[in-house]
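S.K.: All chains should be built: construct the whole structure from the sequences, respecting the hints.
Read top to bottom, the protein sequences are chains D and L. Residue 342, in our numbering, is where the first sequence stops; the numbers in between run on with no holes. Residue 692, in our numbering, is where the second sequence stops; the numbers in between run on with no holes.
No lab work stands behind these hints, which were simulated from the structure alone. Careful: at least some of the hints might be erroneous.
To be verified - Okay, derived cross-link-like pairs now, DSS-like style, lysine-lysine, Cα gap no bigger than 27 Å in a straight line:
#, chain 1, residue 1, chain 2, residue 2
1, L, K417, L, K450
2, L, K417, L, K432
3, L, K593, D, K38
4, L, K432, L, K450
5, L, K450, L, K425
6, L, K516, D, K38
To be verified - Each pair of labels, with its calculated beta carbon distance range:
#, chain 1, residue 1, chain 2, residue 2, range
7, L, Q482, D, Y101, 48 to 58 Å
8, L, A396, D, G286, 21 to 31 Å
9, L, T473, D, F187, 30 to 40 Å
10, D, G188, L, R457, 32 to 42 Å
11, D, S149, L, I376, 13 to 23 Å
12, D, M105, L, F677, 29 to 39 Å
Glycine is no exception: its CB is placed at the ideal position from the N, C-alpha and C atoms.
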Amino acid sequence: MNTNMSTATLTSRLGGLLMAPVNLLMRVLDIPLRAVQKAAGIGGMAAVFLAPNMLIFGIFVLLPLVINFVYSMTGGTAFFLSEREFVGAAQYERLFQCANYLDPMSCQEDAFWTAVGNTFWFVVLQVSLMILTALITALILNRDLAARSFWRAVFFFPVLLSPVVVGLIWKWILQRQGLLNFGLYQFGVEPYTWLTDRNWTFVATIGVSLWAHMGFYALILLAGLQAIPKDLYEAAEMDGTKPARVFWRITLPLLMPNLLVVVVLALIRAVQIFDEVYVLTGGGPGTSTLYLTQYIYETGFASALRNPGLAAAASILMGLVLVVLTLVQLGIGQRGEKKGKR
Amino acid sequence: MGVASRFILRRRGGNGWHWTDIVTWVWLVGGLIIMFGPAVWLAFSSFKTPAALAEFPPSILPYVTSQATVQGYDKPLQLFDAKMPDGSTKVLAEVRRIGTMSQMVDPKTPGEIVRVNINDRTPVRSVSFATENYTTPFTQFDFLRYLWNSVFVTVTATLITLIVNSMAAFALSKYEFRGRSLAMLIILATLMVPLSVIMVPLYSIISSLGLFNNLWGVILPTVATPTGVFILRQYMLTIPDELIDAARMDKASEWQIYWRIVLPLTAPALAVLAIFSVVWRWNDFLWPLIVLSRRELYTLQVGLSIYSGELNVQWHFILAMTVVTMIPVVLVFIFLQRFITTGIAGTGLK
Numbered sequence: 001m002n003t004n005m006s007t008a009t010l011t012s013r014l015g016g017l018l019m020a021p022v023n024l025l026m027r028v029l030d031i032p033l034r035a036v037q038k039a040a041g042i043g044g045m046a047a048v049f050l051a052p053n054m055l056i057f058g059i060f061v062l063l064p065l066v067i068n069f070v071y072s073m074t075g076g077t078a079f080f081l082s083e084r085e086f087v088g089a090a091q092y093e094r095l096f097q098c099a100n101y102l103d104p105m106s107c108q109e110d111a112f113w114t115a116v117g118n119t120f121w122f123v124v125l126q127v128s129l130m131i132l133t134a135l136i137t138a139l140i141l142n143r144d145l146a147a148r149s150f151w152r153a154v155f156f157f158p159v160l161l162s163p164v165v166v167g168l169i170w171k172w173i174l175q176r177q178g179l180l181n182f183g184l185y186q187f188g189v190e191p192y193t194w195l196t197d198r199n200w201t202f203v204a205t206i207g208v209s210l211w212a213h214m215g216f217y218a219l220i221l222l223a224g225l226q227a228i229p230k231d232l233y234e235a236a237e238m239d240g241t242k243p244a245r246v247f248w249r250i251t252l253p254l255l256m257p258n259l260l261v262v263v264v265l266a267l268i269r270a271v272q273i274f275d276e277v278y279v280l281t282g283g284g285p286g287t288s289t290l291y292l293t294q295y296i297y298e299t300g301f302a303s304a305l306r307n308p309g310l311a312a313a314a315s316i317l318m319g320l321v322l323v324v325l326t327l328v329q330l331g332i333g334q335r336g337e338k339k340g341k342r
Numbered sequence: 343m344g345v346a347s348r349f350i351l352r353r354r355g356g357n358g359w360h361w362t363d364i365v366t367w368v369w370l371v372g373g374l375i376i377m378f379g380p381a382v383w384l385a386f387s388s389f390k391t392p393a394a395l396a397e398f399p400p401s402i403l404p405y406v407t408s409q410a411t412v413q414g415y416d417k418p419l420q421l422f423d424a425k426m427p428d429g430s431t432k433v434l435a436e437v438r439r440i441g442t443m444s445q446m447v448d449p450k451t452p453g454e455i456v457r458v459n460i461n462d463r464t465p466v467r468s469v470s471f472a473t474e475n476y477t478t479p480f481t482q483f484d485f486l487r488y489l490w491n492s493v494f495v496t497v498t499a500t501l502i503t504l505i506v507n508s509m510a511a512f513a514l515s516k517y518e519f520r521g522r523s524l525a526m527l528i529i530l531a532t533l534m535v536p537l538s539v540i541m542v543p544l545y546s547i548i549s550s551l552g553l554f555n556n557l558w559g560v561i562l563p564t565v566a567t568p569t570g571v572f573i574l575r576q577y578m579l580t581i582p583d584e585l586i587d588a589a590r591m592d593k594a595s596e597w598q599i600y601w602r603i604v605l606p607l608t609a610p611a612l613a614v615l616a617i618f619s620v621v622w623r624w625n626d627f628l629w630p631l632i633v634l635s636r637r638e639l640y641t642l643q644v645g646l647s648i649y650s651g652e653l654n655v656q657w658h659f660i661l662a663m664t665v666v667t668m669i670p671v672v673l674v675f676i677f678l679q680r681f682i683t684t685g686i687a688g689t690g691l692k
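M.R.: Encoded structure:
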């Protein structure tokens with residue numbers, strides 16, 4: 001991140017507004033903290049500075065993480081741990097109770113396996129389409145374009161929108177009297193209620209999440225493309241290398257570290273898909289777009305037959321998948337760093 | 343137009359159109375329409391009356407059918423362009439319709455009734471913005487409350503995020519102490535723990551702290567973002583230690599060093615984190631949905647999703663409130679998009 005003049009002016013403008021009351025508070029805080037510093041010494045102040053952050057991490061991230069394991073081994077509908085009875089691995093057994101693992105309907109928790117299946121196909125299709133479109137967009141934005149920052153912004157726009165807004169925008173477009181039907185009507189296609197069709201809603205969730213997040217990945221890939229030294233291309237041009245060969249031999253290999261990071265990031269995000277789908281389809285019709293996070297949410301909180309222990313068990317299984325993916329990502333990152341140092 | 347024509351005429355090498363020029367052109371213009379089109383369509387729709395929203399095929403601009411009060415009739419009558427038997431068209435008001443015949447009157451001469459076949463008349467329409475779509479949810483529903491809740495959560499969470507994370511970053515970049523790498527590791531590890539994995543136990547913790555159905559229950563779990571600590575720490579590492587040593591010689595307390603010296607120098611990184619935090623907190627959905635179950639506590643996102651999930655969706659209100667929810671993010675996009683894109687390209691965070 002480089003400091004430039006406009007960042008500085010922006011900050012001073014923002015700062016002037018926010019800082020006046022905070023400034024006073026900081027002065028008052030200095031009085032007790034001086035006393036602490038006298039007692040603990042300069043080195044001890046590190047702990048003081050770290051404390052609020054660690055406290056919040058501890059209470060709201062680490063503690064839940066630990067409790068989650070205990071939670072998944074208890075039963076009943078009570079939320080407080082002390083009121084829950086220990087059931088051992090019963091919740092996991094229930095999740096895996098299946099006559100035939102390829103047929104969700106033969107399982108005791110058919111909703112869980114339906115969600116797993118839906119999420120699997122969603123992840124496979126969405127991530128591959130995501131990488132393809134993001135790569136094409138990045139390659140195009142990396143060309144010698146007029147007003148490149150404008151075009152970059154165009155593809156980035158939906159990334160900032162809230163998932164709820166994204167869901168509602170597309171719900172409105174896919175309505176019977178919506179824009180999509182209007183467009184198709186011009187070609188003589190009769191209006192259709194897309195969001196009541198099991199297959200089309202699945203396609204819609206993929207398309208909508210693609211629309212909402214593609215710009216983010218394109219941006220990372222674009223940064224990777226711009227880091228490729230220009231003289232490589234100049235040398236290739238002098239040798240009269242064909243553009244396709246330049247792409248396969250120079251662009252793709254040098255972009256590979258970024259591409260791998262983007263693949264893993266996209267996988268991690270896709271596994272957790274919830275917000276925009278919940279607003280767009282609510283998981284329906286039926287269970288055609290029920291994904292894992294929604295299954296956990298509904299099992300834990302929303303349904304009449306809520307079972308927090310079962311939801312915790314399912315969330316731990318999902319967490320395992322995410323940990324594996326994150327470790328892969330960290331591995332890639334470290335390999336890239338080592339390469340850079342060499 | 344200079345930029346536009348340069349864009350259109352730009353091509354590879356300069357001798358004729360290469361196929362990649364065509365792909366580029368199609369992809370960019372298609373992207374422009376697909377990326378902005380849906381949001382623009384929503385914004386236009388938000389000014390339509392319920393009747394206009396139900397129309398198919400829809401019109402782009404919000405039209406309403408014109409009405410007129412005619413002497414001798416209590417209610418306002420709808421106006422039509424009626425084709426008269428002699429071939430001319432006249433603006434008439436419809437009194438009543440019987441079968442395929444419509445009884446109409448000329449607003450200027452209300453006495454005489456004219457009979458017109460319903461196929462020979464078309465409604466008079468004019469562009470009119472249904473601003474009540476915006477005012478009614480604020481005055482008659484709780485949307486003003488939701489807006490305030492969203493603003494409160496966003497501003498408070500961002501301020502706390504900046505302070506708490508910069509303090510941690512200061513400790514991790516400017517002090518040597520035992521357990522520093524452990525603290526870094528813990529922060530790194532939390533990157534792997536998304537909300538969807540811990541929502542059930544987190545809910546029970548929030549409840550036992552008495553923060554269920556409380557906006558602070560939405561704010562607190564989000565304020566210690568690992569990405570925030572990382573950006574700030576990276577930036578603080580570039581601040582020379584000599585500055586801090588000099589301040590210590592001048593008997594400044596550690597808190598003063600943090601507040602008066604390090605924090606102002608970290609301003610650019612703080613600004614980037616602030617922009618991100620505002621967008622994150624404004625857009626948060628799943629966690630507020632879990633914590634807030636009382637209507638008066640909903641944030642805009644939760645309120646919108648609940649109202650749009652109802653059986654009888656009042657789309658004209660939903661669309662208008664979606665536009666309101668979109669406004670802050672669109673403002674960030676227009677004025678601060680640059681900072682976000684360089685932030686993502688540099689650190690890969692979102």
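S.K.: Indicate, hint by hint, whether the structure satisfies it.
M.R.: Right, here's what the structure says about each hint:
A distance of roughly 16 Å separates the Cα atoms of L/K417 and L/K450; the hinted pair therefore holds under the 27 Å criterion. Distance restraint check for L/K417 and L/K432: the Cα-Cα separation of roughly 21 Å lies within the 27 Å cut-off, and the hinted pair is therefore satisfied. With a CA separation close to 12 Å, the supplied pair L/K593 and D/K38 stays within the 27 Å bound. In summary, the hint linking L/K432 to L/K450 is supported, as the alpha carbons are separated by about 11 Å, within the 27 Å threshold.
Note on L/K450 and L/K425: the hinted pairing holds, with a Cα-Cα distance of about 17 Å set against a maximum of 27 Å. Distance hint between L/K516 and D/K38 is fulfilled; the C-alpha atoms sit about 19 Å from each other, no more than 27 Å. For L/Q482 and D/Y101, the hinted distance range of 48 to 58 Å is satisfied, since their beta carbons lie about 52 Å from each other. Distance hint check for L/A396 and D/G286: the Cβ-Cβ separation is about 27 Å, which falls inside the suggested range of 21 to 31 Å.
Between L/T473 and D/F187, the C-beta spacing of about 35 Å keeps the proposed range 30 to 40 Å intact. Distance hint check: the CB atoms of D/G188 and L/R457 are about 36 Å apart, consistent with the given range 32 to 42 Å. For the pair D/S149 and L/I376, the beta carbons lie near 19 Å from each other, so the given range of 13 to 23 Å is met. Taken as a hint, the range 29 to 39 Å is violated for the pair D/M105 and L/F677, whose Cβ atoms sit roughly 52 Å apart.
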